[in-house]
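Enquirer: Now for the letters of each chain:
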Amino acid sequence: KNQVEQSPQSLIILEGKNCTLQCNYTVSPFSNLRWYKQDTGRGPVSLTIMTFSENTKSNGRYTATLDADTKQSSLHITASQLSDSASYICVVSPPILTGGGNKLTFGTGTQLKVEL
Amino acid sequence: GAVVSQHPSRVICKSGTSVKIECRSLDFQATTMFWYRQFPKKSLMLMATSNEGSKATYEQGVEKDKFLINHASLTLSTLTVTSAHPEDSSFYICSARTSGDTGELFFGEGSRLTVL
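Chains as they are written, first to last, in the working numbering: chain A, 272 to 387; chain B, 9 to 124.
Among the clues, some could well be false.
Listed below are the simulated DSSO-like cross-link pairs for lysine-lysine, each with C-alpha atoms no more than 30 Å apart in a straight line [as the list claims (entries may be wrong)]:
#1 A:Lys374 to B:Lys72
#2 A:Lys272 to B:Lys72
#3 B:Lys22 to A:Lys374
#4 B:Lys63 to B:Lys28
#5 A:Lys272 to B:Lys63
#6 A:Lys288 to B:Lys28
#7 B:Lys50 to A:Lys288
#8 A:Lys328 to B:Lys49
#9 A:Lys384 to A:Lys288
#10 A:Lys342 to B:Lys49
#11 B:Lys28 to A:Lys384
#12 A:Lys384 to B:Lys50
Source of the hints: derived by calculation from the structure; they are not laboratory data.
Keep in mind that this is a model prediction, so the values were computed, not measured.
Just chain A, with the same shape it has in the complex (with noise of 0.2 Å):
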C-alpha cells in the first residue's frame, strides 16, 4: 500500500531558527513529490515539486531535497516567521502513463508553530 509519513506530527519553534520536516514514502512507481502549505481554514499552496532526477528545489526560505534511493525528502524552512505557522504537507504522485497520476498520496503533515 502507497504511503507518505511525515514527521515529526507537530513542531514549536522560535521566530528567526531554522527546522527541518521529514517525509517518508512507499509510493512506487514514483513521479513527483510536492510540498505544500496549508493555514488554517485554507486551501494547501504548491512550495516545491521535484522528479525523481531532482536532489533539491528552493522556493525563498523553503528548501526541498530528494532522496528516491532512500524514498526520503526533508523540507528545510531557513529563519523562520510568524507566518510560517501552519500545516506542511508531503504529497507523492506515481506516474501519470500508469495510470495512477491522480493518485496523489498525501502525508498526514507536520504542524509547525512559530513563536516569539
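The hints should help you fit chain B onto chain A, whose structure is shown.
Expert: Chain B alone, transformed into the frame defined by chain A:
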C-alpha cells in the same frame, strides 16, 4: 500563476437540505478536478475525481448519490451535498491539475460546511 477559485468559503445549512459548492479554474482548462474532505488536524482525503464531460470516479466508501459531482465545462466542477446531515459537516477542498506528470496541482481555498 494558475488559480482555483472555490465558492462558497463558508456555508451553514439545515439538516435535510442540499448544498452546492463550486470549483473553478480561473486561467487554465482542467479536464480533471479533484474533491477532498478534510477533518480537523487530519490530511486531505480524496473523495472523487471529476472528469469533464463524463461521470466522476468516486473513492471507495464515498456515496455517489450523497455527493453529486458535475463537471460540465473545462473550468467548472460542482459538488452537491444532498440531504445534508450534521455528520457531513466538514472542510471540503477542490483541486485542479495542469497537464503532464509534473503538472501543477492547484487547490481551492476550501469550503467550510456546517450542517445544523
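Enquirer: Take the hints in turn and mark each one as holding or not.
Expert: Right, here's what the structure says about each hint:
no., hint, verdict
1, A:Lys374 to B:Lys72, "holds, 18 Å"
2, A:Lys272 to B:Lys72, "holds, 24 Å"
3, B:Lys22 to A:Lys374, "violated, 34 Å"
4, B:Lys63 to B:Lys28, "holds, 17 Å"
5, A:Lys272 to B:Lys63, "holds, 26 Å"
6, A:Lys288 to B:Lys28, "violated, 43 Å"
7, B:Lys50 to A:Lys288, "holds, 26 Å"
8, A:Lys328 to B:Lys49, "holds, 27 Å"
9, A:Lys384 to A:Lys288, "holds, 12 Å"
10, A:Lys342 to B:Lys49, "holds, 25 Å"
11, B:Lys28 to A:Lys384, "violated, 34 Å"
12, A:Lys384 to B:Lys50, "holds, 16 Å"
Checked against the numbered hints given earlier, the structure breaks hints 3, 6, 11 and satisfies all the rest.
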